[in-house]
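Asker: Sequence:
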Amino acid sequence: MVQQLLHFWQTVLGVIFRHPVIGVSIIPILDDGRIILVKRRDNQQWSFPGGFVDWGETLAETVHRELEEETGLRVKQMGRLVGVYSAPDRDSRLHSICVAIEAQVEGDYRVQEAEILEIQAFLPDDVAQEKLSHDHDRQFQDYRQGKTALA
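The opening position of the sequence shown corresponds to residue 1 in full-length UniProt numbering, with each subsequent residue numbered one higher.
Keep in mind the hints are simulated off the structure, nothing from the lab.
Note that the Cβ used here is the ideal one computed from N, Cα and C, for glycine as well.
Careful: at least some of the hints might be erroneous.
Claimed, not checked - Distance condition first, Cα-Cα at most 27 Å in a straight line; then the derived BS3-like pairs of lysine-lysine:
1) LYS131 to LYS39
2) LYS147 to LYS76
3) LYS39 to LYS147
4) LYS76 to LYS39
5) LYS131 to LYS147
Unchecked claim - Cβ pair distances, simulated, as ranges:
6) GLN120 to GLN3: 52 to 58 Å
7) ALA128 to GLN104: 19 to 25 Å
8) LYS76 to GLN3: 51 to 57 Å
9) GLU61 to ASP125: 31 to 37 Å
10) ILE16 to THR148: 28 to 34 Å
11) ALA151 to ASP108: 54 to 60 Å
12) SER86 to GLN44: 23 to 29 Å
13) ALA60 to VAL2: 40 to 46 Å
14) LEU123 to ARG65: 25 to 31 Å
15) LEU123 to PHE52: 25 to 31 Å
16) GLN3 to ALA151: 41 to 47 Å
Produce the complete structure using the sequences and hints provided.
Answerer: Following this line, the structure appears as structure tokens:
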């Protein structure tokens, strides 16, 4: 009985920790065309808002929740799928698969979470000058080129 229980827990832990987690990046566009970026506390780099999908949540629900939690903004209209990014080294913390989605947003932005140092609206040409966290440079490049990437 103990051996079976031990085997069960090893299998559960293997499934949990040996599979990638799913997350979203939101490319938030204001009505004036500026793009919202958040400065991360962990590496002091700019990035798109986003985060991991919670259990029982759809990708669309995650987009709405993460955008509001991190910036105070609301999704006005979902835009296009920019890409799915799955390189094992795209996030130094763990293997994650990121779905990047463009969204028209509204509201007043403000820092709402401890993991965020700052929020700023950038013109697209100014975003291109920044070194973004994780693989968000690639996501932004694909967004600007109108691509839908599978990377």
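Asker: Against each hint, give a clear statement of whether it holds in the structure.
Answerer: Hint by hint, here is what the structure shows:
1. LYS131 to LYS39: holds (11 Å)
2. LYS147 to LYS76: holds (22 Å)
3. LYS39 to LYS147: Cα-Cα ~25 Å, so holds.
4. LYS76 to LYS39: holds (23 Å)
5. LYS131 to LYS147: holds (20 Å)
6. GLN120 to GLN3: 52 to 58 Å: holds (56 Å)
7. ALA128 to GLN104: 19 to 25 Å: holds (20 Å)
8. LYS76 to GLN3: 51 to 57 Å: holds (56 Å)
9. GLU61 to ASP125: 31 to 37 Å: About 32 Å separates the Cβ atoms of GLU61 and ASP125, which means 31 to 37 Å holds.
10. ILE16 to THR148: 28 to 34 Å: holds (30 Å)
11. ALA151 to ASP108: 54 to 60 Å: Violated: the Cβ-Cβ distance is about 34 Å, outside 54 to 60 Å.
12. SER86 to GLN44: 23 to 29 Å: holds (26 Å)
13. ALA60 to VAL2: 40 to 46 Å: At roughly 44 Å between Cβ atoms, VAL2 and ALA60 fall inside 40 to 46 Å, so the hint holds.
14. LEU123 to ARG65: 25 to 31 Å: holds (27 Å)
15. LEU123 to PHE52: 25 to 31 Å: holds (29 Å)
16. GLN3 to ALA151: 41 to 47 Å: holds (43 Å)
Hint compliance for this structure: hint 11 is the single one not met.
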